[in-house]
Amino acid sequence: GYGRFGIIHVEGAANETTITSRFRLQIDATAESDSGIVFGARARIQQDNDGSANGDRLGQDSSSNSGAYRADRLEGGINGVRFFVRSGGLEVGVGNIFGAIDSMPGMYPTELGLTGLSYDYIINGAGAFSDTYDSDGNGAAGRNGVEVMYSMGDLSMHLSYAELDTGAAFNGVLEGDRLAAHVAYTFSGWTVALGLQDSDIVTDTEAALTVSGSVGIADLTFGYANNGTQGDAFAINAGFDIGAATRMNVVVLDQENYVDTVYGFGVTHDLGGGTSIRGGIQNNNAGNTVADLGVRFNF
Amino acid sequence: GYGRFGIIHVEGAANETTITSRFRLQIDATAESDSGIVFGARARIQQDNDGSANGDRLGQDSSSNSGAYRADRLEGGINGVRFFVRSGGLEVGVGNIFGAIDSMPGMYPTELGLTGLSYDYIINGAGAFSDTYDSDGNGAAGRNGVEVMYSMGDLSMHLSYAELDTGAAFNGVLEGDRLAAHVAYTFSGWTVALGLQDSDIVTDTEAALTVSGSVGIADLTFGYANNGTQGDAFAINAGFDIGAATRMNVVVLDQENYVDTVYGFGVTHDLGGGTSIRGGIQNNNAGNTVADLGVRFNF
Amino acid sequence: GYGRFGIIHVEGAANETTITSRFRLQIDATAESDSGIVFGARARIQQDNDGSANGDRLGQDSSSNSGAYRADRLEGGINGVRFFVRSGGLEVGVGNIFGAIDSMPGMYPTELGLTGLSYDYIINGAGAFSDTYDSDGNGAAGRNGVEVMYSMGDLSMHLSYAELDTGAAFNGVLEGDRLAAHVAYTFSGWTVALGLQDSDIVTDTEAALTVSGSVGIADLTFGYANNGTQGDAFAINAGFDIGAATRMNVVVLDQENYVDTVYGFGVTHDLGGGTSIRGGIQNNNAGNTVADLGVRFNF
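Chains as they are written, first to last, in the working numbering: chain Z, 55 to 353; chain F, 55 to 353; chain B, 55 to 353.
Since the hints were made in silico from the structure, they are not lab data.
Hints are not guaranteed to be accurate.
Where chain F lies over chain Z, by a calculated footprint (3+ residues, C-beta under 8 Å) [claimed, not checked]:
#1 85 to 98
#2 187 to 193
#3 196 to 204
#4 226 to 240
#5 287 to 293
Chain B is faced by these chain Z residues, among others (derived, beta-carbon under 7 Å) [claimed, not checked]:
#6 Phe77
#7 Gln114
#8 Ser116
All residues carry an ideal CB built from backbone N, CA and C; glycine is no exception.
With the sequences and hints as input, model every part of the structure.
Written as structure tokens, this is what we have:
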């Protein structure tokens, strides 16, 4: 897992400049059969500075950017669990699945700054438009999330499915579903990934395409997504080393229904031993400036 | 701990056929004094596919058999803790106790299939009629659960006590209690266990008797329980190996107030390394067919 | 972490004599940069016998002294996390901070008996009058808790700050704050610590002074605090060994607004291997007798 903490600024927020922190303890439990099949589960114990630890402060005042402890969650216990069976290049996952669109190559070319800065530069709306592994909620666990992943040499494929609760709450019926797939292929140092999704949510991603490779010192990722009624998104990410232990990423994204073009950059300076200083600044999808700076340590 | 996942079918349920999963991380913490007394605690971090991880989906729609996330619990944190002190054959337990009836020899001769299939073939109503270690709740912790266990050679004894909240909720008074005991003795390869209980809940078990042993390749367990106003229960369990790595269990139970006789069988096929394929089918206490199939891995 | 369980008696409580228990699993995660800077986080998974494990019994009847499960918390997940960066004698902490007043030398000269007996003999009101590391809640995490600690030889200093929610709940504004500092110096075997605090809560501690040292076989701690509108508190603690493995502490505290003078004693008998028997008796701040006896084991 990792810990991180620092300062975050969100222009126009209830608390514009405040402290941000996260603690993540990752539990990867596996077992291997005599014939080499690996069975496993992944769960996380995670807490952010805007989450209530014990339920008595849900929705109450806090120093988080929003001004309150998130009322939609408790933090401190494990999240929804992802189970899997893996054999050679084939893996079947169940529960809090990764999702074929959210985990396609080139989807997250970087995590900008310390916190990811709301991931506004991700063509998939940072998982909001598809199934994604949820670090402090149930994700698709409990909604029959299931996925199949396959890789062979330079080729990889991923198919995911989950039911959705699109209708009246508390009626015991999951009315809709999401079916997604991606195919990715690497040749001559470039990776091309194509994702398609059929979903009962109209704002969901319908198609996504990414192309990633290197030109000189720069690692480049080009991305396009058709995000349903949200419109099209185009993005470019460039990452390059600016010193022996320092790396910079520059992002630009234009999505049809965003108020403004998203652009920004982030810097990571490695301190060794799994520790680093990270910071970033971004013009977010509402045209506001967000920035963060802090430290992260892996354990 | 262990993980398991697969498919479950419950005839007549809101979601008849769906995915089932469980993640259990067991924490056994102990210390030993200079004179050899062992002090310890057992807690579990457990999550089933029908439990909400963070509180924002309690009672809402899910793909579980019931059609909703259980509203009576949050999952993800530790359960009620069982504390103990052990010296030689004597053990005193406090908190989320095992219970003298629920943990008597022969009470759980098998866990049918992948999930136990609601444990309808257990003469004790799968712990509903006595104190039992609760894996995702408080159990008798907070109700003054306490127990004394003693074993010497072929003889074992167990006495448990807990207060009960039988009256008006929220009045700060635990109006009743449960006192239970069992004695078990093994001779010539057969184990006989007798349990008695005095409880302020009329549906609680009053007496239970089990006889376990082997005849040829079959391991047999005969059980009888007087379950108070629920009436008498009779059960037979037979377990036998049907191959080098495969074991089958057959169960039959007849309880007076059940709609139908419970019967079924389960198969476990060992894959090595703590992994297995498990499945079972049962005619449950309401006369409906329930079946499951999946994999389990210990870690 | 540790486990402890035993019997507690609180005169006049809903349940005067009952079982008490606690399970605490401490998670200390750290990483060290190449230049020797230590980054870390501390979190606890804790459960007391009066806490609900899964949310379905909040406020309901229990055998705890109060007669009910605490309605202000869920137990089982991690508490608010304290993050830190440490280099040489300098440490910066963020989140669920220790607090400069609560962690000054001489503030907790002992934990009386098994449970600490409500810590009525602590001049700081057991953390109620200042920021303190909260083992089963958020503490100052989410309220911009931050602290700087520095030690050099015999000198140590600590400065802490947190915002406070003193006004209307759910308005998204933290209206007040607490700023506290202490300085401690050790010379000739005696430690003198002075703490000062400026807070928007009128009952908060304004100043605290402790003097600790040894006279013959006795370890003595004298304490004084100006607890705002609560008035002045004076306390003496004496600890001494009464055998090779047994230690006794005697406490006296007089606080202006307490009904009665607090006095009592506690005994710890070491059993080796991190296990001990502990008990204590105290006249509490309401003039009632409280006593406990039990075992504790570290793991």
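Against the structure, the hints:
no.	hint	verdict
1	85 to 98	holds (count 10)
2	187 to 193	holds (count 3)
3	196 to 204	holds (count 4)
4	226 to 240	holds (count 3)
5	287 to 293	violated (count 0)
6	Phe77	holds (4 Å)
7	Gln114	holds (6 Å)
8	Ser116	holds (4 Å)
Violated hints amount to a single one, hint 5; each of the other numbered hints is respected by the structure.
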